[in-house]
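Number of protein chains: 2
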Amino acid sequence: MRIGVLGTGVVGTTIAGKLRELGHDVLIGSRSAGDDAVPFADAAAHGELVFNCTNGNASLEALRSAGEDNLAGKVLVDVSNALDFSQGPPPIVGVSIEDSLGERIQRAFPEARVVKALNTVSANVMVDPGVIPGEHDVFVSGNDDEAKARVVELLESFGWPADRILDLGDITAARGQELYVAFWVRLMDVAGGATFNIHLVAG
Amino acid sequence: MRIGVLGTGVVGTTIAGKLRELGHDVLIGSRSAGDDAVPFADAAAHGELVFNCTNGNASLEALRSAGEDNLAGKVLVDVSNALDFSQGPPPIVGVSIEDSLGERIQRAFPEARVVKALNTVSANVMVDPGVIPGEHDVFVSGNDDEAKARVVELLESFGWPADRILDLGDITAARGQELYVAFWVRLMDVAGGATFNIHLVAG
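Protein chains in written order, with this note's numbering: chain P, 5 to 207; chain V, 5 to 207.
Just chain P, same shape as in the assembly (with noise of 0.2 Å):
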């Protein structure tokens, strides 16, 4: 598949070299381009699909920059969280009790196919998820059941099994799945590390 992958950082390159294992046409987009990088508006006009993973307090920036054009009809995969360090680690977390990313992204691109997925775990996990032994899992959400269903393809190919890939509904869910990096952000300390995960148990 052609996928543009929006955003250079640790992120945009994991999941870019991931995809590109994978076999997709994967052209990243950054807003200065430049080494392995295009425009951002480049990088979304060749992606069937497009991942962004910009810093989430650039992102609205960076997909305007990418083009509503380019972006329109297509999945876009909103892996982006906004971290706020201005008060030093642990950074602040999300944009507000009442609204996310995710939510701000679809009101802005109204035509792009928004799933929020991915961003409740470190890099190396989302492409590898098995580098955390045992059963844990992976959130999507969004208003296009069709696009969910092509994220959930691809997060089974990055080694998700299907039944840990869990549907949290249409895209105000974003809300949580942001809101619960402030309690990742904690769960660090105690799991030594960015290398954890949470798994669902019900009675």
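Check each hint, because a few of them may be wrong.
Said to hold, decoys possible - Simulated DEER-style distance windows between Cβ atoms: (1) V:Glu160 - P:Ser36: 48 to 56 Å; (2) V:Arg6 - P:Gly134: 47 to 55 Å; (3) V:Gly13 - P:Gln91: 53 to 61 Å; (4) V:Glu157 - P:Gly134: 51 to 59 Å; (5) P:Arg35 - V:Val14: 28 to 36 Å; (6) P:Asp40 - V:Pro137: 19 to 27 Å; (7) P:Gly92 - V:Glu160: 27 to 35 Å; (8) V:Gly38 - P:Arg68: 55 to 63 Å.
To be verified - Residues from chain V shown here face chain P by an in silico Cβ test under 10 Å; the list is partial: (9) Leu64; (10) Ile101; (11) Glu102; (12) Val156; (13) Ser161; (14) Gly163; (15) Pro165; (16) Ala166; (17) Gly173; (18) Arg179; (19) Tyr184; (20) Trp188; (21) Ile202.
The set of hints was computed from the structure by calculation and includes no laboratory data.
Glycine included, each C-beta is placed from N, C-alpha and C at the ideal position.
Given chain P, put chain V in place with the hints provided.
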């Protein structure tokens, strides 16, 4: 132990019931008293340790009624969540991305030894973790290590295994514990009810 439980909702009555079953001398406090309940101030004065199980939206007011002097020097276990159902379920959760009830309570009652705990599971799970099979976790945070140790002992008496009671650090971690509930309200749909929890797994 003499324990005051503030709040006559499901959480307060469930915790008070369990504490009595374990042989503790419990008074339940409410705004209006009556039935099994005494005024907040009487329950707080009675307790060597106090549970805040009031509605998070009214917790600070309830604790002011309980009286600063009746809380000074005592372990105050804060189980509360701020849930706003005004826009219908699922509720908006939390007080802010930059603050928490746990922190607000500690700031308002600097001589109380606030420990945030148990707010991440439903009442039946709080007092009987065995209703969920397998390993799953509960979390404590607070500025006073001795206070946390006493709460950990109580949680163990509720049936929580020592290695599944995770200390997230100082009271600022309450932000993560409370914002996680925005995720919990969506996980509930996947879990098929409120009797579920999460288990931390590290790589």
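Tell me, which hint numbers fail for this structure? The structure breaks hints 3, 4, 5, 6, 9, 12, 13, 14, 15 and 16; every other hint is satisfied.
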